[in-house]
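Colleague: Just so you know, we're using our numbering here: the sequence shown kicks off at 475 and counts up by one.
Please keep in mind that the hints were generated in silico from the structure rather than gathered at the bench. Remember, predicted model here, so these are calculated numbers, not experimental data. Glycine included, every Cβ here is placed at the ideal spot set by N, Cα and C. Any given hint could be a false lead.
Said to hold, decoys possible - Ranges between beta-carbon positions, derived for each pair:
#, residue 1, residue 2, range
1, Lys-544, Ser-502, 32 to 40 Å
2, Gly-514, Thr-476, 12 to 20 Å
3, Asn-526, Ser-484, 36 to 44 Å
4, Met-498, Lys-544, 26 to 34 Å
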Amino acid sequence: MTTCLLYHNSERQLPRFYRIELAMNLFSEVSVLREWGIAGCDGHCMINIYGNLREASLAADEHRNRMIQKGYFRDTLDA
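Take the sequences, apply the hints, and build the full model.
Modeller: Structure below.
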């Protein structure tokens with residue numbers, strides 16, 4: 475599962491992105507990959523490992539909801 479969020483501040487003219495992805499690793503753990511930064515540039519990346527899909531999904535949902543509260547919105551191309 476991948477979620478892409480966008481943010482555009484008209485004063486600063488810097489569109490920003492925030493991407494969250496869930497993926498299984500080789501040890502049957504679930505990774506939550508978060509990537510963020512200015513659109514069109516290399517961003518920052520952080521990976522957190524969780525023991526099961528439920529924990530990882532809850533963490534990803536918390537991150538997504540926090541960013542939406544800050545003004546990010548879901549990319550219309552997000553499936």
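Colleague: Decide, hint by hint, whether the structure agrees.
Modeller: A quick look at each hint next to the structure:
1. Lys-544 - Ser-502: 32 to 40 Å: holds, 33 Å
2. Gly-514 - Thr-476: 12 to 20 Å: holds, 19 Å
3. Asn-526 - Ser-484: 36 to 44 Å: For Ser-484 against Asn-526, whose Cβ atoms are near 42 Å apart, the range 36 to 44 Å holds.
4. Met-498 - Lys-544: 26 to 34 Å: With Cβ atoms ~29 Å apart, the hint holds.
Comparing the model with each earlier hint shows no violations; every hint is respected.
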